[in-house]
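Novice: Protein chains in written order, with the working numbering: chain R, 607 to 730; chain C, 2 to 147.
Be careful, since some hints might not be right.
With beta-carbon atoms standing in for the labels, derived distance ranges [to be verified]:
id, chain 1, residue 1, chain 2, residue 2, range
1, R, Gln725, C, Arg75, 17 to 23 Å
2, C, His90, R, Arg659, 57 to 63 Å
3, C, Trp34, R, Arg659, 51 to 57 Å
Hints were generated in silico from the structure; no laboratory data involved. Just so you know, even glycine gets a beta-carbon here, dropped at the ideal spot from N, CA and C.
The residues making up each chain are set out below.
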Amino acid sequence: MNANHEDRFDAAIRAHHQASLERLSPRAQAQLAQRRNTALRGEGLRRRGHGIRYAAAGFAALGALAIGLQFGTLPTTTGPATATATATAIGTATASTTDATMLDEDPEFYAWLASSDAQQVAME
Amino acid sequence: MNRMIRPTLLALVLWPAFAFAQAQPAPTRYPEWDKLSPAQREALVAPLRERWNANPDERARMVERAQRWKSMPRDQRDRAGHGMQRWEHMSPEKRVEARALFHAMRGMDETERKAFLAQWRQKNAQQRAEWLKAHPVPERREPRRQ
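Kindly produce the complete structure, drawing on both the sequences and the hints.
Specialist: As structure tokens, this is what we get:
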């Protein structure tokens, strides 16, 4: 008995809904259809997923920053090619002057040049 | 459109991190001499070898100076290093003056040194030039060959 009553109620509601739809303008019907299709494709979920995507991008940025800092502070173990190039640079830039200059004059003279006496005679 | 915006945003977010990593100069640490590669040793020794080969008359003095560098106490060696840097930035004229002053003052005690420095500061350029002419740097003593 109750089931028959609910079926009749359901059928009556559906009939009213159908009648209401038929009275809608074609433009309103098209908008409703578009929204339904959008909902079925899960667009709403995708919009909510943007937060997750931005969070992932943020973590990636932090990771990249951490990697950058680590590369900036870690001692580099030079490979053969890099080491050779750097050693050549040392040889031409620093060692060519300092190492050879070391033996040009007496080391005591060099030490005197750094003394206060030498600074007082202002040789620069 | 979204497909273009997202990678662009990600690139903009990541760019400062990569730029920072690129901007950091990586300090290079080198191992002990025995662990250097032959190419590295060659690059370090080459200027000295060139100087050695180009100045046969200086070889005995170079050996003697190297031994004195080695026997110097650490603090004196550090001072000599600073003085050497100063030397490298001096003009040839100032180098002559420095040599002459060193040789003139090296035998003086503290009182004599102070008096000499006071007199030197009062000299004008011409007087200093005259003093340098009257007190040339003595000829280098040839060390005993080994």
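Novice: For the hint 57 to 63 Å, verify it against the beta carbon of His90/C and that of Arg659/R.
Specialist: Once the Cβ atoms are compared, 58 Å apart, the range 57 to 63 Å for Arg659/R and His90/C holds.
Novice: With respect to the beta-carbon atoms only, verify the hint that Gln725/R and Arg75/C lie 17 to 23 Å apart.
Specialist: 22 Å, holds
Novice: Okay, Trp34/C versus Arg659/R on CB: inside 51 to 57 Å?
Specialist: The hinted range 51 to 57 Å holds for Trp34/C and Arg659/R, with Cβ atoms some 54 Å apart.
The structure fails none of the hints (numbered hints given earlier).
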